[in-house]
Amino acid sequence: SLQRQLGNGGSMGLSYTGNFSTREEAIRQAVSCNLYTSKPFVWSLRGYGSYDIGLGSLFGHGSLCYFLPFQKRSDGRPLWKLTLTGMFQDWGAVHSFDKRFSLGRPVGNWEVTLNYSPSGSNFGSGFSVGSTGLMGNQGFGYTQDLGECFWIELSPQSF
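Numbering of the sequence shown is given in our numbering, commencing with residue 1 and proceeding in unit increments.
By construction, these hints were calculated from the structure, which means they are not laboratory data.
Hints are supplied without guarantee of correctness; some may be wrong.
Unchecked claim - Using C-beta positions, here's what the derived DEER-type ranges look like:
#1 109 - 69: 21 to 27 Å
#2 14 - 116: 30 to 36 Å
#3 43 - 92: 34 to 40 Å
#4 107 - 43: 18 to 24 Å
#5 75 - 3: 16 to 22 Å
#6 97 - 4: 24 to 30 Å
#7 23 - 116: 38 to 44 Å
#8 82 - 36: 35 to 41 Å
#9 48 - 94: 30 to 36 Å
#10 149 - 5: 36 to 42 Å
Beta carbons are placed, not taken as given, at the ideal position from N, Cα and C, and that holds for glycine.
Required output: the full structure, derived from the provided sequences and hints.
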């Protein structure tokens, strides 16, 4: 595994993993890479990609976040952020690409996000449990569908 630090707390990495599966009697090998860079409270870019050598499957996820320059907190940090997220996978006969546009802001200790994706929400309405952010703020979240392609999320704050 190789990891290199970039300016502004960013990083990029490349790793190789291999293990022997007794159930499949085969060696599983994968190569993955990641990237994170930002100009704090202005924009951030993160990405991850993985290739399973044995299966020939490919997976990738990336997001670009822009912090909107109006309505700032008392400490100068922006309240609103606009995020574009993309995900692709190629796994045998399964090929997919999805994109999501999100507008979010903190409300108390929560983050409220309005999302749009041409393929719609993957989760439907309801409660969820999870974690967000670098320190893994854990808690319950809620997702509400607003039609075929729009939904709103309420989750522990990750700003």
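Exercise for the section: Just tell me: holds or violated, for the beta carbon distance of residue 109 and residue 69 against 21 to 27 Å? Expected result: Check passed, 24 Å falls within 21 to 27 Å.
Handout entry: Cβ distance range 24 to 30 Å for residue 97 and residue 4, holds or violated
Key = Given about 28 Å between the Cβ atoms, the range holds.
Handout entry: Beta-carbon spacing of residue 75 to residue 3 - inside the hinted bounds 16 to 22 Å or not
Key = 31 Å, violated
Handout entry: CB-CB spacing for residue 116 and residue 14 relative to the 30 to 36 Å hint
Key = With Cβ atoms ~33 Å apart, the hint holds.
Practice task
Could you see if the CB distance from residue 23 to residue 116 stays within 38 to 44 Å?
Solution key: About 41 Å separates the Cβ atoms of residue 23 and residue 116, which means 38 to 44 Å holds.
Handout entry: Pairwise beta carbon distance, residue 48 to residue 94, judged against the given window 30 to 36 Å
Key = Violated, since residue 48 and residue 94 (Cβ atoms, about 19 Å apart) do not stay within the stated range.
Practice task
Take the C-beta atom of residue 149 and the C-beta atom of residue 5, compute their distance, and say whether it sits inside 36 to 42 Å.
Solution key: 39 Å, holds
Handout entry: Assessment of proposed distance window 18 to 24 Å (beta carbons of residue 107, residue 43)
Key = 22 Å, holds
Exercise for the section: Take a look at whether the Cβ-Cβ distance between residue 82 and residue 36 falls inside 35 to 41 Å. Expected result: 18 Å, violated
Practice task
With 34 to 40 Å as the target window, see if residue 43 and residue 92 comply at their CB atoms.
Solution key: 36 Å, holds
In the structure shown, a violation is registered for the earlier hints numbered 5, 8 and 9, in ascending order.
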